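**Student:** The chain contents come next:
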Amino acid sequence: MMEAASAHATNVLRRKRRGTPWLDSMVAPALGVLAIVVGYPIVYTLVLSAHDYDLAGTEAPRYIGVANYHKLVEDPTFWKALVNSGIYAFGSVAVAALIGLALALLTEDLVGRKGRIARMLLLAPWAVPFVVTAFLFRYMYLQNGGAINAALIETGLIRAPIPWLNSAYLAMPAVMVANVWAMAPFFFLLLSAALAGIPNEVIESARVDRASRFDLVVRIKLPFLRNALLIGSLLMIIANFNDFAKIWAMTQGGPGYSTTTLVIYVYRQAFEKFAFGYASAIGVVWLVLLLGFAMAYLRALRAN
Amino acid sequence: MLRTIRVSLAICALAATLAAGFIFDAQAADGKVVLTFANWAAAEGTTKPAIEKAIAEFEKAHPDIEIKSEAISFSEIARQLVLRVRSGNPPDVAQLAGNDTFVVAATGRLEPLDSYLGDVQSRLKPDSIKDLRHQGKLIALPWTLAPAGFWYNKAIMAKAGLDPEHPPQTVDELTKAMAAIKKSQPDVIPLALDTTNRPFALQSNWPWMATFGATPVVESKSQADTPEMKRYLGWLRDLAKSGYIDPGRKIGEFRPLAAQDKVAFVWDQVLLQGVIQSANKMSDADFYKRWGVTTQPAGPSGKAYSFEGGHQLVLFADSKQKKAAWMFMQYLATSPEAIKVYTLGPGSSLPPLAAAPNAELKAALDTPVYQSFLTRIIPTVTTPAFGPAFASASTAIMAGVQQAVTSSDPIDPIAKSMQQELDRR
Numbered sequence: 000m001m002e003a004a005s006a007h008a009t010n011v012l013r014r015k016r017r018g019t020p021w022l023d024s025m026v027a028p029a030l031g032v033l034a035i036v037v038g039y040p041i042v043y044t045l046v047l048s049a050h051d052y053d054l055a056g057t058e059a060p061r062y063i064g065v066a067n068y069h070k071l072v073e074d075p076t077f078w079k080a081l082v083n084s085g086i087y088a089f090g091s092v093a094v095a096a097l098i099g100l101a102l103a104l105l106t107e108d109l110v111g112r113k114g115r116i117a118r119m120l121l122l123a124p125w126a127v128p129f130v131v132t133a134f135l136f137r138y139m140y141l142q143n144g145g146a147i148n149a150a151l152i153e154t155g156l157i158r159a160p161i162p163w164l165n166s167a168y169l170a171m172p173a174v175m176v177a178n179v180w181a182m183a184p185f186f187f188l189l190l191s192a193a194l195a196g197i198p199n200e201v202i203e204s205a206r207v208d209r210a211s212r213f214d215l216v217v218r219i220k221l222p223f224l225r226n227a228l229l230i231g232s233l234l235m236i237i238a239n240f241n242d243f244a245k246i247w248a249m250t251q252g253g254p255g256y257s258t259t260t261l262v263i264y265v266y267r268q269a270f271e272k273f274a275f276g277y278a279s280a281i282g283v284v285w286l287v288l289l290l291g292f293a294m295a296y297l298r299a300l301r302a303n
Numbered sequence: 000m001l002r003t004i005r006v007s008l009a010i011c012a013l014a015a016t017l018a019a020g021f022i023f024d025a026q027a028a029d030g031k032v033v034l035t036f037a038n039w040a041a042a043e044g045t046t047k048p049a050i051e052k053a054i055a056e057f058e059k060a061h062p063d064i065e066i067k068s069e070a071i072s073f074s075e076i077a078r079q080l081v082l083r084v085r086s087g088n089p090p091d092v093a094q095l096a097g098n099d100t101f102v103v104a105a106t107g108r109l110e111p112l113d114s115y116l117g118d119v120q121s122r123l124k125p126d127s128i129k130d131l132r133h134q135g136k137l138i139a140l141p142w143t144l145a146p147a148g149f150w151y152n153k154a155i156m157a158k159a160g161l162d163p164e165h166p167p168q169t170v171d172e173l174t175k176a177m178a179a180i181k182k183s184q185p186d187v188i189p190l191a192l193d194t195t196n197r198p199f200a201l202q203s204n205w206p207w208m209a210t211f212g213a214t215p216v217v218e219s220k221s222q223a224d225t226p227e228m229k230r231y232l233g234w235l236r237d238l239a240k241s242g243y244i245d246p247g248r249k250i251g252e253f254r255p256l257a258a259q260d261k262v263a264f265v266w267d268q269v270l271l272q273g274v275i276q277s278a279n280k281m282s283d284a285d286f287y288k289r290w291g292v293t294t295q296p297a298g299p300s301g302k303a304y305s306f307e308g309g310h311q312l313v314l315f316a317d318s319k320q321k322k323a324a325w326m327f328m329q330y331l332a333t334s335p336e337a338i339k340v341y342t343l344g345p346g347s348s349l350p351p352l353a354a355a356p357n358a359e360l361k362a363a364l365d366t367p368v369y370q371s372f373l374t375r376i377i378p379t380v381t382t383p384a385f386g387p388a389f390a391s392a393s394t395a396i397m398a399g400v401q402q403a404v405t406s407s408d409p410i411d412p413i414a415k416s417m418q419q420e421l422d423r424r
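Which chain is which? The protein sequence lines are A and B, in order. According to numbering that gives the first Met the number 0, the stretch in the first sequence is residues 0 to 303, in order. According to numbering that gives the first Met the number 0, the stretch in the second sequence is residues 0 to 424, in order.
These aren't lab readings, by the way, just hints derived from the structure by calculation. These numbers come from a predicted model, not from an experiment. Backbone N, C-alpha and C fix where the C-beta goes; we use that ideal spot for every residue, glycine too.
List of simulated lysine-lysine pairs, BS3-like, C-alpha gap at most 25 Å: (1) K70(A) / K220(B); (2) K288(B) / K175(B); (3) K229(B) / K79(A); (4) K261(B) / K182(B); (5) K129(B) / K321(B); (6) K182(B) / K158(B); (7) K302(B) / K129(B); (8) K240(B) / K415(B); (9) K415(B) / K79(A); (10) K70(A) / K415(B); (11) K158(B) / K261(B); (12) K361(B) / K288(B).
Derived list of chain B stretches under chain A, where covered just means 3 residues or more per stretch with a C-beta under 8 Å from a C-beta of chain A: (13) 102–109; (14) 244–252; (15) 399–405.
Could you build the full structure based on these sequences and the hints that come with them?
**Tutor:** See below:
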C-alpha cells in the first residue's frame with residue numbers, strides 16, 4: 000500500500016516536472032560556476048599546450064600546433080616520469096590498501112577503551128600534514144645521522160649506512176614507504192566502517208554453517224568490502240598521481256630522475272624553465288589519462 | 000527584526016568603507032613614499048634582525064620613505080618575481096643572486112641602472128658589475144660579494160694526522176686527506192658539496208667542473224659528453240662510493256653540521272663564518288683557530304676556480320618611485336651603516352666597494368677570512384653564462400651528476416644522456 004502511494008507520488012512529480020522545464024534551468028548557476036572554475040582552466044591549458052610560451056621571456060606566445068605533443072612523445076624524461084607516477088600511485092595504493100585491510104580486520108573485534116586507543120593510534124598518521132610526514136621521513140632516512148640507519152647499525156643488521164634517498168634504486172621505494180605510512184590509515188578507516196556495515200545476519204549464518212575464519216574473511220567480508228575498496232583506491236590513485244608535497248620535500252624528484260613523477264616534471268617545466276606551453280601539453284596528457292582511468296574504474300564499479 | 004539587522008549591517012558597511020577611506024587618505028596625505036622590497040634576508044633567522052635594523056636606520060635617515068619588506072625564501076624568489084611581473088604586480092626593489100638575476104632580467108621588466116649609477120660606479124670594484132649586464136645594460140647593483148672558498152676544519156685535520164696549516168692544494172691531495180679523515184673519524188663528513196638538482200647547485204659545482212676542464216654549457220652550446228666532464232663525474236662517483244660526500248643535502252644543511260665539527264671541508268661562500276658563529280656562538284679568535292679558508296684544490300687543469308654567489312639589488316621598471324628606490328639600493332650596497340649592520344654583520348659577506356669607506360670598516364675587513372677571499376679567492380672566480388638557458392640546463396646537468404653519484408650506471412651513457420637532454424632544450 001505504502002509502495003503504491005510512493006510510486007504514485009513519483010509519477011505525479013515527474014508529470015509536473017515535464018510541464019515545468021524551467022526547473023531544469025535551476026542548475027544553470029551551478030553549471031556556470033563549474034564552467035568558470037573547472038572549464039576555463041582546462042580550456043586555457045588546452046590552448047596554451049598549442050603555443051610556445053616562455054613565461055620568463057619577452058616574446059608573445061607563438062602558436063605551434065601539436066609541436067609540444069611531438070616533443071613530448073620523444074622526451075624520455077616524460078616517459079620516465081609517467082612510469083614513475085604509475086609505480087608511485089598504484090604501488091603505494093595497493094600496499095596501503097592491503098595494510099589498511101589487515102588492520103581493519105585485526106581491530107574489528109576490539110571493543111571498549113583498548114579498541115578506541117588502538118584505533119586512535121592507527122589513525123594518527125592520517126592527521127599528520129603531508130609535508131611534515133615528508134620531512135620526518137627525510138630526516139629518518141639521512142645517510143649520516145638518520146634514525147633508521149642508526150637503528151639498523153645499532154642492531155647489527157647493517158655495517159655501513161644505507162643511502163635510502165641518495166640511491167637511484169632505493170629512493171622510490173623509500174618515498175613510497177613514507178606515502179604508505181601516511182595513507183594506510185585512510186584505508187583502515189574506510190574499511191573499518193565498511194566492515195561495521197556488514198549485516199550481522201550474514202555473519203551469523205556463516206558461523207552457523209561453520210565457516211572457517213579464513214572463509215569468513217575471503218568469501219563473506221571481502222565481497223562486502225569490494226565497493227569501498229574500489230572507491231577508496233580510485234580516490235587515492237588520483238590523489239597520488241597529483242602528489243607533489245611528499246616527493247618534492249623528500250627528493251625533489253631525484254636522484255637523477257628516479258623519483259620524478261608527472262607532477263614534479265610539470266612543476267620543473269612550468270616554474271623552473273618557465274616553459275608554460277610544454278608544461279600545459281604534459282598537463283593535458285595527464286588529465287586525459289586520469290579521466291580515462293576514472294571512467295574505467297567507475298564502469299567497473301557500476302558493473303558490480 | 001530582519002529589517003533591523005539588514006539596516007544595521009548596511010550602516011556598519013558604510014562606516015567601514017568611510018573609515019578605510021579616511022585611513023587611506025591619511026597614509027597618502029602624510030606624503031610618505033612607500034617602497035616594497037622583496038628579499039630573503041628577512042626570511043632567514045640569521046639575517047632577519049640585521050636587515051630590519053638596516054631598514055629602520057634608512058627610514059630614520061629618510062623620514063619621507065617607508066620600506067615594506069616582503070620576506071620570500073631564497074629558493075622561491077625568482078619564481079615569485081617572474082609570476083608577479085607577469086601579473087603586473089612586481090615590487091619596487093628586490094634582492095636576487097646568481098642565475099635568478101638573469102631569469103628575472105629576461106622578462107624585460109628590470110630597469111637598466113646605467114643612468115642611475117653616476118659616481119657610485121667609481122666607488123665599486125670594477126669586477127663587481129662586469130657580469131651584471133643583460134643585453135648590454137646593467138640590470139643589477141651589487142649588494143654583497145660572496146665568493147665560494149675551500150673551508151677546512153683545522154681540528155679535524157689535526158685529529159686525522161694532517162697538517163692543519165697546509166690544506167690540500169690539489170684534487171689528489173684532497174682525496175688523500177679525505178681518506179685519512181674518514182679513517183680516523185668515521186662520523187665526520189669529509190667534504191660538504193651541494194649536489195641537489197637546482198640552478199644554485201650547478202653554479203656551486205661549476206668551479207669543480209672547470210678545474211677538471213669541463214664547461215657543459217657555453218652560451219647556447221652544450222658540451223656535456225666530453226672526456227673532461229666524464230672525468231669529473233667519475234671523480235664524484237668515487238667520492239660518493241668512498242663515503243666522502245653526503246649527496247642530496249643542500250649546502251645550507253651542511254652548515255649546522257660544520258658548526259658542530261661534523262664536516263671537515265666545506266665548499267661554501269664567505270658567509271659560512273657568520274652562520275657557524277651564529278649557531279655555536281664561537282668568538283672570532285676561536286673561529287680563526289678552528290677554521291681556515293683557501294682556494295679550491297686544483298684538478299687536472301691545474302687551475303683553481305670559485306663562483307661568485309653574492310647578492311644584488313634590482314629595480315623594477317614598473318616602480319613608480321624609482322628615485323627613492325635607487326636611494327634605498329645605494330644605501331644598502333654602499334653606506335657604511337648598512338655595510339656594518341648587514342653586510343659585515345650576520346650576512347658576513349664582502350661589500351662591493353673598491354675601498355673601505357672608513358677606518359672602522361677597514362679594520363673590520365682586516366681578518367684572515369676576508370683577506371683570504373679578497374686577495375686569493377676572488378681572482379679565481381669564474382662565471383657561467385647565466386640566464387633562462389642556464390636554469391633549463393641545470394636540471395639536465397644536475398640530474399646527470401646525481402645519477403653518476405647515486406647509481407652504478409656506466410659514466411659514458413650518463414654523459415651521453417645529459418648531452419641529449421641538453422640538445423633537446
